Every structure is written in structure tokens, then in C-alpha cells.
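Engineer: These protein sequence lines map, in sequence, to chains A and B. FYI, the numbering for the first sequence is 1 to 634, going by the numbering used here. FYI, the numbering for the second sequence is 635 to 812, going by the numbering used here.
These aren't lab readings, by the way, just hints derived from the structure by calculation. Given the structure is predicted, the values throughout are model-derived calculations rather than measurements. Worth double-checking, as some hints may not be accurate.
[What the hints assert, rightly or not] A few chain A residues facing chain B, derived, Cβ under 8 angstroms:
hint: 1; residue: Tyr-108
hint: 2; residue: Gly-110
hint: 3; residue: Asp-210
hint: 4; residue: Glu-214
hint: 5; residue: Lys-287
hint: 6; residue: Ser-293
Glycine included, every Cβ here is placed at the ideal spot set by N, Cα and C.
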Amino acid sequence: MSDKLYGYAGKVLRINLSIQEIKKESISKEFIYGYLGGRGFNVRRLYYEVPKGVKPLSPKNKLMFATGPLVGIGLPLGARLNVTAKSPLTGILGDSNVGGHFAAEMKYAGFDQIIIEGRSKKPIYIYIHDEDVEIIDAEGIWGLPISKAYDAIRRELRDWRIQVAIIGPAAENLVLFSSIFFNVYRPAARTGLGAVMASKMIKAIAIRGDGYIEVAKPNEFERFVEEMEEAIYSHEQYWPRRIMGTSRILLAANRLGFLPAKHFTEAVVEYAYKVSGERLAIEYNVKNRACFSCILPCSRFYVIRAGKFAGIYGEGPEYEALAGMTVRIGNDDLDYALKAINLANDLGMDIISLSEVIAWAMELYDRGLLNKEETNGLDLRWGNMETVLELIEMIAYRKGFGDILADGVAKAAKKLGKGLELAFHVKGLEMIQADPRGLKGYGLGFAVASRGADHLRSEPFIELSDDPEIGRKLFGEPEATLRLGVRGKGKLVAYYENWCALIDSLEVCKNIAENMEILPPDKIAETLRIVIGIKMDINDVMKIGERIVNIERAYIVREGIRRTNDTLPKRFLKEPIQKGPSAGHIIELEQMLNEYYKARGWDPETGIPTIEKLKELNLDDIAKDLISHHIKLR
Amino acid sequence: MGRYNAPMVRRIIVDPSKCVGCRYCELWCSYKHEGVFSVTLSRIIIVKDDRIGLDYPIVCRMCNPAPCVKSCPNDALIQGKDGIIRVIDVKCTGCGLCVRACQYGAIRLSPKLKKPLVCDLCDGDEPICVKKCPTNALRLYPLAEEDLCENGKVFDKAYRCALREYKDLMKRWGIHVR
């Protein structure tokens, strides 16, 4: 086999800001075959390079950007990037995945991974153009909101094609759920990576690449892509997704009864259409937009055409932001929601976490546990959007009551000494816009996900099929693929976690690859043969996914996470849903967890991977490291 | 616009309202012409500004006469009867005057070889950008020619206005209405 790397750019860029050192390292084939790219590359390095006890906002934390082999090569679904660091919000694994055009540009510049270490003394931004890496003074743009900073950098570099990763004022003020935005509307939103970037005094990273990527088997590749195009174009979800993106979920969630309305006190609402993706499509959207190299342009550009906010425009929103700024905080006014999303984006925050801290405060206020004195006079009635707009700014600039919420819901509850049981997070990460009592596989996924409450680690969408035959066939348990079923969910979630880890490492779109099942594991093996030129079968591929999940688990175990942390807020475990199609349901977590650890080969008492499992995955070194930290492995 | 009606002349026309900025065309253009995936080596360019949602394809408009052809001091660019501007590599010195001459920014020099990258309509095949575009924002012009009715015979002011403006719209779809 030749030394040429197909599908990869082949280099890692390492920038140490403390000593102003820039290094370019090559990537070994061993590393590639073990971890593929993206999330796999990042977490493997994070495990060793950011040891236990590093403070997330200290210069010792490292901020990593990595993309995968299927990006930038004309496959109709590869555009993604993983951003990883130790999270200041959760204190464990910080990781977020983003689409757009940055990842491809990074590969054309010659890098599969960028690692940033240390801390600059003054605000800077980094400009990467192929081999050239410049560190530029950012005094003039520090403090600017995302959209203004984007314009300023493009003007200064005189290049409209550059792709920019930017932080906003929220990150500069170290809001613990601040995000890194890619260009203007696409954030690597979760786990507070914006604050990590701000702690290093980086306002932005601008990148431009004039290089190219080759594939191993070009003759087969063309036909392979044509077949994939056809599979995507002919998919039943193609047009709904193209018209509405994920915003279409809101109405569906209302139909099935798993909305997070009024801070998860109601799973259905009467006004769902008023705040739905369907209504956006009919009344607001003006055009579609796509990630790099994608033939399913599911992002929408909207304009508010009338009323108080007429003339406001932007891209999105997706379901999470939409439901966050509507039903979760009891708001039925779509214009206000778009305005709030726009504002939170421009200031640079994760709207999932933002919606939880606001909804949490609103529920406390509603129950009389929080009064106006404590909220600086803010009237936190459900759906009081004027106040919400004010509060978003107060959080971003850490003013008054906003300063408390800016630390995320878990820390805010501790600080105020109230609402601890109502703080809806897992391992410090705020819950997404789905009620786990109505989606039990997702619920188990939230409880065990390596970065905290999160659906994208497992995304077991198949349970929405409510088809017992699929469950019987795939997992030997008909209930596994019933939304409200319990048995078999452990196997289901473990399988989907492995698959998602693969998708995040190849850096393809989860919507297309996983939800639309365009890239099932056997197809991944075939794709790797054609693009990279390596022979693997479905078992080899799934092993890589499992390896990544296990390293992540080992990472958080080293930071102190155990089975007791794999849980959900009490409301979901004890209080049944009141109304709608999921009425009467709680989530039977303990039973599912037992099954899950068994499927994973982890110690069911502690949730720690067993020695046997780590060895099976060629992670002997990780086992050794855990033991050296006095962690008992079975 | 009459000069484009000469027989045999086809060009790629764009409907920017449909372009979603995926740059699938750029990638496959580069692959078809250079055998590698790159956006810099593409002969079609998608101009983007995410803040305002701009996605706008720029590609050779086959001007006649073509300023780029005229500007070349070495006659390295020639325009055929089919309107396509071709580069004669051995004559080209990579001076870049053609790049300056094109008022649309539709010619660039490849970074390494310093040769002009200009659309050749894939030399007879269906252009790969047109084929790969997921939204029909790119079409080969003219796909069809239609005789609807002559303007003089149009009997109503509103009808005439609508027809005139609709013809412009149809042009974006690649249908040339006489």
C-alpha cells in the first residue's frame, strides 16, 4: 500500500498561543484506522492531552477541531466538524458537532485536525490560508456580536470565500453555555465551547484552503455517488426535510405528545401550528440553504414580513431552537421566538441550555419560589417575551439575575439554593426539547450520553417507527422499537451510539446518514473501501464506533462519573405525563440502564467499562491509565 | 440579448433564487476537469455571504465579442463558433490579463499552474454542474425554444406586462421564449 492518504488532508495543525508556536504534524495510519476522524480523533487526543483535573477555562485545556474522511469529496452528505475540549459547563467531555462550509475549507487548507493550546495575552484571531498561519490582533473586533465580527473579518482579509469560526459577547463574558459560531447562523452550540475559545482570547478562526482531496477508487466512486444521490432524492423524507428541515418536528412532537411545554409540565399544546415549521414554511421562509456538498438543502432563510419585527431575517431555526423559544417557555408568538433566537445567536449562546435556564426560572417564578426582588424586577410569567429578550441580554453580559443563569441550570440552582430538582440537566448539560417519558429510548440516551443530556449521541429514531417487527429483527425484542416500550432499549441505544460515533467521526450528516438510513454500517464499510481504500467489514467498522464510545466513557469515568450520574431529573422518573398520547407514562430508567450496561459490557454496579471490554477494543492503554488513577476495573 | 440567439450557442444560465449554496457544482466541476475535489479549481464559482443568505453562481457568460479573448496578448484564448472560450495551454503565460478583463469575475487562475479556469461546457457532454445541481438553479441555455405569441398581437396591457416579465422568469429556467 502506498503512503498516500486518500480522503484525508493528512496533517494536524497545532497552535500554542502561550509560546506563539505553530506546528504541523502528520497523522499516522494507525490513528486513522483506529479512530477515522472527527469525534474519534478529538476524543482520543483529549483523553491523553487534557488529563484529569485540568480546569476547563485554564490555558491547559485544549480546543480541538476535527473533520473526517468523507468531507470535501463530492459525497452528497459530508460537511461536518467536531469541536472538542473539556467543558466549562459540565466539567466533563465538551463536544459539539457543526455543519456548514468550515470543515471542507479546513481540509482544502491541508488539515484534518486543528488543536489550539495555551492562551494569548490579548485578543487575537487566527488566519489560516493553506500553509500560512497568522495570528492577528483582534482588539478592534473583540466585543462585536457574531454577525458584525463576521463582516469585519471578511472585510479585513478581503476574501469572501473564507470560512470563519467566531465567538460572541456571551463567550467573551464566559457564559458557560456559549457557543462557537461558524459564519453567522451555525453554532457548535453545546457544552460551552465558546467560553473555552474566549478563555484563550481567540475571537475567531478564519480559514481558506486552495488544496484538494483525492479518493482511492475514482472509477467506482462516481457510480457510488450517483446511487447515493438517487437514494437521497427518492427518500420519503426528502421533501419534508427540504421544506422544513428539523422544524417539522414540532408539530409531530405535539401529535405524539413529547413536547417540553412550560418546562416539561405539558407534553402537548393547543397552539402548536402557530409556532410550527409548517407555518414558517408557508409564511416566513424565502429560500433554502445547504451545508457544503449537500443535495438536501434543509436550512431555510426566513424574513419576518409584518408586525413589530418586520424586516428581521436569518437562517433557521431548527427544531431545538424553535421549541426552546416557544413551547418550553410558554410562548405562542412566532415573531418573538424568531427575534429571541436571532438575538441569542448573535450574542453567541446555545439556545437549548438558554431555554432551560429561562424555563426553569419561569417555573420557579410561577410556583412562587422566586420573586421579583431576586430577578431584578423581571416579571418571569410564562411566555412574557419582552422580559425574555431583556433576560437574554442580561445573561450574555452577565448582568444581575442573568449572571446567575449564565452558569447553566445546575450551578444556578446550587447558587440560589432552590429548584434543584427542577433543574433539568444530566451531568450538568441541559436537556433537549423532548420529553423522555414519551420517547423512552431517547430518554435512556440522555441518561448515558457522554456529554450529558443529549439526543445526538444515540438518536434512536427507529423507536418512532412504533413497529415491533423491526425490534424483533434487530434486537430480538419487539418493544425496542416501540416509542413507549422498555425492554430491549439497552441494546437499541448501545447500537445506535456506536453508529452515531461512526457518523460523527466520518463527519457526515446525521439526518441523512442515520435518520434517513442512507449510511448504515455496512454501507460505511463500502464507502471507506472506495474513499480511503481500506478493507473493513461491518464488524470492524462497528468496533471503531464502540471504541470511541468507550474512550469517551473512560474519559468521564476518570473525571468521576459513575452509574449514579447516569440518571434523569426526578420529574421524568416519578411524575406521569398528564395529557396527550403519552399520558400516564414515566420513564422506567433503572431497568433500561441494567440492560444497557449489559449490552455495553460495562460493570452494571459502577458503569465503568470492564478490563475485558477495553482489551477487546485494543484499549489496553486506557485500562492501564484508569487503574493508575485508582479506578477499579472488573 | 439577441446576440445569444445565434444557433449552436448554448450557455449555462443561472437562477440565483434557486441556488442553495451547496457548491456541489464546484466540487464536481473540479473533479471532472482536474480529477480531484477542490473548490479553487472549479470553473463555476458560488459567491456566498451567509449573513444575508447570498448564494450566487458565477460562470462564463460567453460574451460575444469576449473581452477576455481580446485581452490576451498571446492569443491563448480563442472563442469557437459554439461560443465556448478555450485555453491553448502552450501559448498561455499565466499573465492574468484575461482575469482582469472579465467583468463578471468568471475567470480565475489555478493557484499552482497559473492557467485560466474558464467554463468549457464540459466540451460536449451535459455540463456536470447542471447535472449535479440539486435545485435546478443551473440550466443549459437554451433547453427549448418556444414561440408563444408575438408581442404585437397581445391584446391586453396586463397580459402583455405579465408575459414580458414571465419570459424573463422562463429564461432562468432555460426556456427561451421568442
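Engineer: All hints, please: hold or fail.
Structural biologist: Going through the hints against the structure:
| no. | hint | result |
| --- | --- | --- |
| 1 | Tyr-108 | 6 angstroms, holds |
| 2 | Gly-110 | 12 angstroms, violated |
| 3 | Asp-210 | 4 angstroms, holds |
| 4 | Glu-214 | 5 angstroms, holds |
| 5 | Lys-287 | 6 angstroms, holds |
| 6 | Ser-293 | 6 angstroms, holds |
Consistency with the previously given hints fails for number 2 only.
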